[in-house]
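Protein chains: 2
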Amino acid sequence: MELSFDEKDYASCCGSSRFAKEMVIASPFSSLQHSISVARNIWFNKIDVNSWLQAFSAHPQIGQTHSPSVASQTSAQWSKGEQSTALATATGSSLQELSEWNAQYRNKFGFVFLICASGRSTDEILAELKKRYTNRPIVEFEIAAQEQMKITELRLAKLFSSKESISSTTNK
Amino acid sequence: MELSFDEKDYASCCGSSRFAKEMVIASPFSSLQHSISVARNIWFNKIDVNSWLQAFSAHPQIGQTHSPSVASQTSAQWSKGEQSTALATATGSSLQELSEWNAQYRNKFGFVFLICASGRSTDEILAELKKRYTNRPIVEFEIAAQEQMKITELRLAKLFSSKESISSTTNK
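Just so you know, the protein sequences line up as chains A and B, in that order.
Residues 1 to 172 in this note's numbering are what the first sequence spells out, letter by letter.
Residues 1 to 172 in this note's numbering are what the second sequence spells out, letter by letter.
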């Protein structure tokens with residue numbers, strides 16, 4: 001089975017337009033694993049630092065579910081799903097603290113705090129934010145890119161499973 | 001002796017407005033060495049990656065002497081001085097090759113090729129460009145930042161020596 005998607009689909013996984021374009025060029029993929037290995041190569045070796053910043057800016061601030069420059073409705077929905085544990089464990093005061101630290105983080109680093117939030121509580125996310133806040137900007141930039149790649153991998157899996165379920169429905 | 005300059009002077013050394021502001025806040029400096037040590041800390045630990053990109057964009061493409069977003073007349077003049085060896089050793093064909101590689105570099109990395117050019121011939125610069133072109137974008141981003149810091153140090157020295165010569169003239 002060969003799978004491919006359009007630019008909009010890949011942009012929902014990672015909001016860099018250069019990433020999405022390169023994925024289309026590299027497709028079709030023989031498997032999810034194949035697409036992930038290509039995506040990693042594009043993300044870490046081929047696209048530039050401006051593309052990383054563009055991808056970061058497509059994320060809502062953690063603890064919130066919308067971003068001013070969010071790439072797509074799909075991306076917004078997935079972001080909400082990824083943060084479901086955090087949102088379920090959040091209290092008013094922890095959300096307030098998270099919001100304040102997010103602002104401080106953005107002020108220091110110039111981009112939103114990015115973390116693969118799946119399965120993490122608000123307290124865990126906050127602890128991680130405080131720890132990472134002490135990093136040098138260039139170090140933190142690379143960590144954020146690694147977190148973006150984790151998010152991209154989870155989203156590619158969702159994309160592929162949606163296609164597979166459509167194709168298995170069609171084949172019935 | 002205590003030395004301080006205004007934001008415009010620091011911006012001629014390094015075209016990041018955040019860098020220039022932080023230098024003003026940290027001044028006056030007891031010596032050139034003191035100012036360089038503060039500048040290094042600001043550049044590598046305090047300002048964000050967007051500020052690095054802003055500083056890079058203030059440089060002309062190597063082999064040329066003007067940039068569309070050049071920070072100041074002083075910066076443009078210094079840039080010309082720093083490239084004097086390169087310009088003196090350049091032939092028409094080496095400049096042409098440099099220009100083509102510059103375009104390729106910018107296309108891959110999203111910013112201008114940055115090198116502390118003082119004392120380097122066109123051939124040396126071209127060899128370095130070709131070598132660095134193979135780097136991963138994040139690796140190259142950090143190397144460019146180190147080259148920017150070398151340029152900043154040379155320019156701070158020029159700034160301090162201009163002030164000292166003015167003050168020694170005044171004291172006569």
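One thing to keep in mind: the hints can contain errors.
Which copy? The list can't say, so a pair holds if one copy fits it or any two copies do.
With a cut-off of at most 25 Å between alpha-carbon atoms, the simulated PhoX-like pairs for lysine-lysine come out as follows [claimed, not checked]:
| # | residue 1 | residue 2 |
| --- | --- | --- |
| 1 | Lys-150 | Lys-108 |
| 2 | Lys-46 | Lys-80 |
| 3 | Lys-130 | Lys-163 |
| 4 | Lys-130 | Lys-46 |
| 5 | Lys-163 | Lys-131 |
Keep in mind the hints are simulated off the structure, nothing from the lab.
The model shown is predicted, which means the values in this text are computed figures rather than measured ones.
Taking the hints in turn, this is what the structure says about them:
no., hint, verdict
1, Lys-150 to Lys-108, "both (23 Å within a copy, 24 Å between copies)"
2, Lys-46 to Lys-80, "neither (29 Å within a copy, 32 Å between copies)"
3, Lys-130 to Lys-163, "neither (39 Å within a copy, 43 Å between copies)"
4, Lys-130 to Lys-46, "between (31 Å within a copy, 16 Å between copies)"
5, Lys-163 to Lys-131, "neither (38 Å within a copy, 42 Å between copies)"
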